[in-house]
Amino acid sequence: MNISFRQLQVFLAVYEAGSFTVAANGLHISQSAASKMVAELENQLGMTLFERTTRTVVPNDAAREFFEFAQDVTATMATAKRSITELITLERGKVSVAASPLMHYGLLAGPIASYRQRYPGIDFEIHECSTDETLDRVRSGVVDIGFCATDSEISGLEATVAIEDAMYAIVDDAHPLARRRSIRAAELLPYNYISLRDSYSIRRTLDQIFARTPLRFENHIEVGSLTAALGFARQGAGFLIVPGYAADIAQQWGMRRIAISDLASFRHRISLIRRRTTRLSVAARHWLAVLPQSFPLLK
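Using the numbering used here, the letters of the sequence shown map in sequence onto residues 6 to 304.
Hints in this document: simulated from the structure, not taken from any laboratory. Quantities reported herein were computed from a predicted structural model and do not represent experimental measurements. Built from N, CA and C at the ideal position, the CB exists for glycine as well. Incorrect hints may appear among the rest.
Capping the alpha-carbon separation at 30 Å, the derived lysine-lysine pairs in DSSO-like fashion look like this [what the hints assert, rightly or not]:
id: 1; residue 1: K41; residue 2: K86
id: 2; residue 1: K41; residue 2: K304
id: 3; residue 1: K86; residue 2: K304
id: 4; residue 1: K86; residue 2: K99
Simulated DEER-style distance windows between Cβ atoms [said to hold, decoys possible]:
id: 5; residue 1: T81; residue 2: R189; range: 49 to 55 Å
id: 6; residue 1: P301; residue 2: R221; range: 20 to 26 Å
id: 7; residue 1: G259; residue 2: R281; range: 39 to 45 Å
id: 8; residue 1: D156; residue 2: G31; range: 31 to 37 Å
id: 9; residue 1: E56; residue 2: A269; range: 54 to 60 Å
id: 10; residue 1: A171; residue 2: S145; range: 32 to 38 Å
id: 11; residue 1: R60; residue 2: R123; range: 50 to 56 Å
Start from the sequences and build out the full structure, keeping to the hints where you can.
In structure tokens, the structure reads:
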């Protein structure tokens with residue numbers, strides 16, 4: 006069996022696009038070339054991978070089984086390609102990191118800026134993503150490293166806790182609770198609650214916390230990013246509950262952070278995410294080695 010890297014690339018593109026034409030355009034090859042490479046791959050495997058009609062290409066069970074293996078190989082090759090183009094002396098290299106926009110702002114900008122002062126030849130490619138997007142980009146090899154909260158073990162990925170944050174209520178400066186340093190969660194019930202959609206780990210953490218209490222908050226405003234949620238809170242539209250790093254940002258932006266005494270034992274855990282079976286590039290491995298200086302839990 007002599008399966009080529011290019012065949013795997015074409016297979017993955019067709020699988021994800023559901024179309025030879027769309028996949029071929031994305032890879033800058035002809036539709037006939039894409040079709041030929043998939044046919045050659047099927048011949049080498051001894052099985053068909055797609056059900057073809059005049060308009061659609063539908064993956065069959067064999068394709069779904071093969072997809073994860075093909076993804077593993079291409080991700081590993083992509084990492085290897087990055088690694089061999091770098092110098093061991095770290096005069097040149099690139100690290101790609103995925104996390105939410107505010108996580109980059111509040112947690113990662115400092116460590117990355119400090120690292121680049123010491124190693125100016127190392128570039129960083131920043132991906133601003135939701136939790137689910139972060140996991141997908143690490144899994145597919147698009148990025149070297151991700152930071153997000155995970156509530157369960159994820160196949161093929163390794164998660165190491167980097168930060169444990171308490172949760173805080175955030176209100177604008179004119180809110181009735183703004184002068185309080187600490188409250189009980191039930192004191193928030195009369196006020197408008199601003200929540201994130203469940204594609205964000207903060208929302209999932211809060212859902213888990215509230216599932217263990219009798220508290221039930223009605224979502225008055227539901228948003229798709231933490232930046233938007235803080236913007237609504239700053240304008241007096243309601244309160245939100247966030248981990249410490251986001252509460253620090255809220256204070257910088259003129260809002261008030263309030264400790265929630267009966268939720269003090271709960272923690273929002275942010276993990277460093279990497280592929281379990283992939284060897285990282287030289288630059289990424291070196292950055293990981295110095296990260297415990299910023300995140301002691303990684304030691």
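* Which hint numbers doesn't this structure obey? -> 2, 6
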